Amino acid sequence: MKRWLGKAETTLGNHSDRLNAINIFPVADGDTGTNLYLTVRSAAASLADRSTADEPVNDVGAVLAAAGRAAMEQARGNSGTLFAVFLCAMAEPLAGHTRLSAPLLAAALNRAQIRAWSALSEPVPGTMLSVLEAAARAAGECDNAHNGDDSNQALGLALDAAVNAAVDAVVQTEDQLALLHAAHVVDAGGVGMLLILDCLRSAVLGEELQHELLDGLHGYDVQDPHIHAGMPDDDGVEVMCTISLSPLAAATLRQRLDELGDSVIMSQVGSASQGPGSSGRTDAEDNDDEDSAEASYRWRVHVHVPDAEPAVAVIRSLGEPTDISVSQLSVPRDPGLPAGQHGHEY
11 MKRWLGKAET TLGNHSDRLN AINIFPVADG DTGTNLYLTV RSAAASLADR
61 STADEPVNDV GAVLAAAGRA AMEQARGNSG TLFAVFLCAM AEPLAGHTRL
111 SAPLLAAALN RAQIRAWSAL SEPVPGTMLS VLEAAARAAG ECDNAHNGDD
161 SNQALGLALD AAVNAAVDAV VQTEDQLALL HAAHVVDAGG VGMLLILDCL
211 RSAVLGEELQ HELLDGLHGY DVQDPHIHAG MPDDDGVEVM CTISLSPLAA
261 ATLRQRLDEL GDSVIMSQVG SASQGPGSSG RTDAEDNDDE DSAEASYRWR
311 VHVHVPDAEP AVAVIRSLGE PTDISVSQLS VPRDPGLPAG QHGHEY
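The sequence shown begins at 11 in the working numbering and counts up one residue at a time.
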């Protein structure tokens, strides 16, 4: 798992410029490659810095859960946030297991695609969601065909099936979204997910990355122009934060952000905590006895809105957010800047 995320960090770093060049959905802000790279880098760094004293290092699920939490806390943009959701969800079926197998891979990818689709208020086919769904379906079908065989050979076949299905799904994105079809390009996030899955295959099987997978993907040749540069600027902003909310408060926040903007993504970070005041409750409510204390979850929140102020006000009305950042959608981010210097901090 550490080798996988290390490979993914290097690969996305090498491909970030090309992914940025074809990033035109949901907005043509040319930062999908940068956002994926920085989020994956956070996940990989968390494992490199991880203390072996507090958690078992031979638990695949525990390792990925730690990486997923780091990715979620520092997720960047739509694509980075969905990658963090993907990683956290993958970790759940793998908890307590010391090695990956075909049945576990199928279960992990299926959990990840379900969680990724549900994290978005308005999920759209023709994106990295479709690529992840296709990979999960192929891994599941391969596992079923081999009757749950947990051998390394079966795992290799399931990984091959997942990556091959991801390639086909990336090709299909061009015809699933009108914006991509008109520009004659495939989806940037979808290509990023394909690269991440091929890195998993490479790390597990000890084989080289399959660079030929990218041959023929429309818009992905290095000599092609930066498609996003010719698209109209988006005048809106991207707002992101982490906040502790009860399930009811989280549902309320999602509904209100849906009314204010789009590209709303909300996903839990870690497990629930109990206690008064943990979800933005009033002093009167805090005086209730402990039996009435509502479970609170940490959420990573992402939304595109015309103006930041109403969104920030809504978020603050429901709890106490941390790490609120606001970035202009029309200004590509500089990967050399530390987190928090890509826009406003509230």
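In short, the hints are calculated from the structure, not lab data.
Being a predicted model, the structure only gives us computed values, none of them experimental.
Built from N, CA and C at the ideal position, the CB exists for glycine as well.
Be aware that one or more of the hints could be misleading.
Using C-beta positions, here's what the derived DEER-type ranges look like [claimed, not checked]:
(1) G158 x P320: 48 to 56 Å
(2) G216 x E269: 45 to 53 Å
(3) D272 x A323: 15 to 23 Å
(4) T332 x R109: 32 to 40 Å
(5) D268 x E222: 17 to 25 Å
(6) Q163 x L189: 20 to 28 Å
(7) G226 x P257: 39 to 47 Å
Against the structure, the hints:
The hint said 48 to 56 Å for the Cβ distance between G158 and P320, and at roughly 51 Å that hint holds. Between G216 and E269, the C-beta spacing of about 50 Å keeps the proposed range 45 to 53 Å intact. Remark: the range hint 15 to 23 Å for D272 to A323 is upheld by a beta-carbon distance near 18 Å. Our hint of 32 to 40 Å for T332 and R109 holds, since their Cβ atoms are close to 36 Å apart.
For the hinted restraint 17 to 25 Å between D268 and E222, the CB-CB distance of approximately 41 Å leaves it violated. Under the hint 20 to 28 Å, the C-beta atoms of Q163 and L189, about 42 Å apart, miss the expected range. A hinted range of 39 to 47 Å for the beta carbons of G226 and P257 is consistent with their spacing of about 45 Å.
This entry does not satisfy hints 5, 6, going by the numbered hints stated previously.
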